[in-house]
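Protein sequences, first through last, are from chains A and B.
Residue numbering for the first sequence follows full-length UniProt numbering, beginning at 1 and increasing consecutively.
Residue numbering for the second sequence follows full-length UniProt numbering, beginning at 1 and increasing consecutively.
Treat the hints as calculated values from the structure; they're not laboratory data.
Keep in mind it's a predicted model, so treat the numbers as computed, not measured.
Among the hints, erroneous ones may be present.
The list treats identical chains as interchangeable, and a pair is accepted whether it falls inside one copy or across any two copies.
Below are the SDA-like pairs computed for lysine to any residue, each with C-alpha atoms no more than 20 Å apart in a straight line [said to hold, decoys possible]:
no., residue 1, residue 2
1, LYS143, VAL178
2, LYS289, GLU343
3, LYS143, ASN320
4, LYS143, ASP33
5, LYS269, GLU243
Protein chains: 2
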Amino acid sequence: MEPRNEVSLSIRRPFDPQIHDLDPNFRLTRFADLKGLGCKVPSDALTRMLEPFREDKSLLDSEQSHFQYVAATPRIGIGMDACITPIRHGGLSLVQTASCLYPIIDDPYMLGKIVGSAVMSNLFAMGVTECDNMLMTLSISQKMTDRERDVVVPLIMSGFKDCAEEVGVTVNGGQTIVNPWMYLGGVATSVCQSNEYIMPDNAMIGDVLVLTKPLGTLVAANAYQWLDVNEKWNRIKLVVGEEDVRKAYQRAMFSMARLNRIAALLMHKYNAHGATDIGGYGLLGHANKLAGIQKNEVGFVIHNLPVIAKMAAVSKACGNMFGLLQGHSAETSGGLLISLPREQAAAFCKDIEKQEGYQAWIIGIVEKGNRTARIIDKPRVIEVPAKDKEGELW
Amino acid sequence: MEPRNEVSLSIRRPFDPQIHDLDPNFRLTRFADLKGLGCKVPSDALTRMLEPFREDKSLLDSEQSHFQYVAATPRIGIGMDACITPIRHGGLSLVQTASCLYPIIDDPYMLGKIVGSAVMSNLFAMGVTECDNMLMTLSISQKMTDRERDVVVPLIMSGFKDCAEEVGVTVNGGQTIVNPWMYLGGVATSVCQSNEYIMPDNAMIGDVLVLTKPLGTLVAANAYQWLDVNEKWNRIKLVVGEEDVRKAYQRAMFSMARLNRIAALLMHKYNAHGATDIGGYGLLGHANKLAGIQKNEVGFVIHNLPVIAKMAAVSKACGNMFGLLQGHSAETSGGLLISLPREQAAAFCKDIEKQEGYQAWIIGIVEKGNRTARIIDKPRVIEVPAKDKEGELW
Numbered sequence: 001m002e003p004r005n006e007v008s009l010s011i012r013r014p015f016d017p018q019i020h021d022l023d024p025n026f027r028l029t030r031f032a033d034l035k036g037l038g039c040k041v042p043s044d045a046l047t048r049m050l051e052p053f054r055e056d057k058s059l060l061d062s063e064q065s066h067f068q069y070v071a072a073t074p075r076i077g078i079g080m081d082a083c084i085t086p087i088r089h090g091g092l093s094l095v096q097t098a099s100c101l102y103p104i105i106d107d108p109y110m111l112g113k114i115v116g117s118a119v120m121s122n123l124f125a126m127g128v129t130e131c132d133n134m135l136m137t138l139s140i141s142q143k144m145t146d147r148e149r150d151v152v153v154p155l156i157m158s159g160f161k162d163c164a165e166e167v168g169v170t171v172n173g174g175q176t177i178v179n180p181w182m183y184l185g186g187v188a189t190s191v192c193q194s195n196e197y198i199m200p201d202n203a204m205i206g207d208v209l210v211l212t213k214p215l216g217t218l219v220a221a222n223a224y225q226w227l228d229v230n231e232k233w234n235r236i237k238l239v240v241g242e243e244d245v246r247k248a249y250q251r252a253m254f255s256m257a258r259l260n261r262i263a264a265l266l267m268h269k270y271n272a273h274g275a276t277d278i279g280g281y282g283l284l285g286h287a288n289k290l291a292g293i294q295k296n297e298v299g300f301v302i303h304n305l306p307v308i309a310k311m312a313a314v315s316k317a318c319g320n321m322f323g324l325l326q327g328h329s330a331e332t333s334g335g336l337l338i339s340l341p342r343e344q345a346a347a348f349c350k351d352i353e354k355q356e357g358y359q360a361w362i363i364g365i366v367e368k369g370n371r372t373a374r375i376i377d378k379p380r381v382i383e384v385p386a387k388d389k390e391g392e393l394w
Numbered sequence: 001m002e003p004r005n006e007v008s009l010s011i012r013r014p015f016d017p018q019i020h021d022l023d024p025n026f027r028l029t030r031f032a033d034l035k036g037l038g039c040k041v042p043s044d045a046l047t048r049m050l051e052p053f054r055e056d057k058s059l060l061d062s063e064q065s066h067f068q069y070v071a072a073t074p075r076i077g078i079g080m081d082a083c084i085t086p087i088r089h090g091g092l093s094l095v096q097t098a099s100c101l102y103p104i105i106d107d108p109y110m111l112g113k114i115v116g117s118a119v120m121s122n123l124f125a126m127g128v129t130e131c132d133n134m135l136m137t138l139s140i141s142q143k144m145t146d147r148e149r150d151v152v153v154p155l156i157m158s159g160f161k162d163c164a165e166e167v168g169v170t171v172n173g174g175q176t177i178v179n180p181w182m183y184l185g186g187v188a189t190s191v192c193q194s195n196e197y198i199m200p201d202n203a204m205i206g207d208v209l210v211l212t213k214p215l216g217t218l219v220a221a222n223a224y225q226w227l228d229v230n231e232k233w234n235r236i237k238l239v240v241g242e243e244d245v246r247k248a249y250q251r252a253m254f255s256m257a258r259l260n261r262i263a264a265l266l267m268h269k270y271n272a273h274g275a276t277d278i279g280g281y282g283l284l285g286h287a288n289k290l291a292g293i294q295k296n297e298v299g300f301v302i303h304n305l306p307v308i309a310k311m312a313a314v315s316k317a318c319g320n321m322f323g324l325l326q327g328h329s330a331e332t333s334g335g336l337l338i339s340l341p342r343e344q345a346a347a348f349c350k351d352i353e354k355q356e357g358y359q360a361w362i363i364g365i366v367e368k369g370n371r372t373a374r375i376i377d378k379p380r381v382i383e384v385p386a387k388d389k390e391g392e393l394w
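The whole structure should be built from the sequences, with the hints applied where relevant.
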């Protein structure tokens, strides 16, 4: 299958519309006006809107303790956590998550992989490593020609399906609609025993915070698109070269498509006290959400920011429009932010690098606090270079 | 809670934007340009796009016989059936379905109920009567003001939640995005033993076809909106009065919000050979899909069309733009089309009317054929009147 062969190359060729008899200027990213965070509703507005759900009688049912937890986090829309629902059959719970993304890259096959990875990431953040079914939700833009649709959609589906196969799950259902904008999303479901997931609310004073993917995916994706847009490119070309941008884009693309599954497996091995995955609300946004649901009176303090090489400079060069170093820049299919016992964190990082060839970083600590997260004034920026032969990992 | 009280009235008051300090001309239905069928991708195009999934290795795994069935029906987008996925835990399968709708009525609370009912209807069509979890997916139109959003969204969520509570399931997660158009959808999941669902592919020669809700929901919803649009209203006012339209709209609204759950329970009691629910592809479209997956060489022939009173005349009066009597008119949260043993059908219809106070109709037969469905030349139109006190059923 063509996409399979493509990704086995040491460097993935950019998607070439002409190979598929499409206009050379065809760009998937032009079929939605919002990117990254845009996909989400402002967190505070959402929390207000969700008030009706707070009164849910079931939340008071002491036998459904999970609902207590679920009630403690917004149950619609945030997509930070998977929800946990006890079912009729002995001791089992449904762990489910739904999310979707607007096109952030122009390569349909890789977009499918990235979205599949982003959807399942919410399960992995709960320490769930097995997925029982994936649904795929696709919105096809009205602005797409039939020809464009018939080329792009099967490639997207192949990427989504290949991503699912990496964790041994089939894409078994879903939904397709017609809409002004294109988006791709999915639902991941796992039926779990209680020892198969890790509640995210047990962070303890003295823990350290580990991040499993570098930041800057949105910056890299934008910088890459700006190669075609002179006025944009002129703003950043002083701090970054074309080759740097291509490498950063390459790194971002493979990072977004990479599954957080090994990290989830290691969360069990190294007794993680809770985790979340970094997405549209950025590092600080998701760190705050995770801090907010903690049982203990803790606070998260972040000292280090691992960032895809040169993207910190790009973010500064364009007037800090992304807020990358403040932790506000939206990430797509970002890493897991994990609260680990201090004595286990180094071993966790070593183990994940041994198994995947990708680094993880200790970026902060858990101290006594009021369930919020902050980044220190001058965090240390760790430049994360692109791998020479990224593709070989595929 | 206000919406609760509203539906306990014998006739539901139309949603009044001014009560909520919204512009009197606020109409939910204006936040999406497509209705009914518009939500779906043309069936043939979809089937083409789904080819990649056909080669799925898992489909050849003889131990996963369910996948064989799933493979026999489009697995993405059609939303005609729930998918069935065997899971790791003994003998259990995940039965899941995802669907969504653009606003077809202006009452946010009722829209929530209708969409909840439409989502679960795909489970009921498989004879599944228990739902373990519901996710809600909401797209908020960018064109909505914050004020409109903060009024409408909680009402929608209350309706969706109340619908879920009717089957004893909580809405435990989901997703909200920002988009040019508004839509509302959900995912319904049930973890089932194999005796809890009914495979839809066992229709037999000599069966009869039963339909559990009247047709014409889209026509009624449109006719109601045309009360405000002179040139439209002038086209139909010769065949229908304003009061008829309000009654038809009322009937359509409650019919769409009504659950197909009792029908699903009775499918077991009366040994149904298969079913589907009627939605965006219209009666004939869904009948053809159901016929297409049958194991036996059968064909469906439809003789009777139960239609919401006066809507057949309206459909004709506006140049048959809906194709209602040809079975093409999109339905929202329509009835189940069930293939029943001839000797059981009458008892099924009597039973459902006894339990719900709503009629079901024998509309056709199953004969030897090539797995297609057709409506005879001059089908008998059964005018289904609005109930005087519809609301009392709530």
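Which numbered hints fail: Numbers 2, 3 and 5 - these are the hints that the structure violates, sorted from lowest upward.
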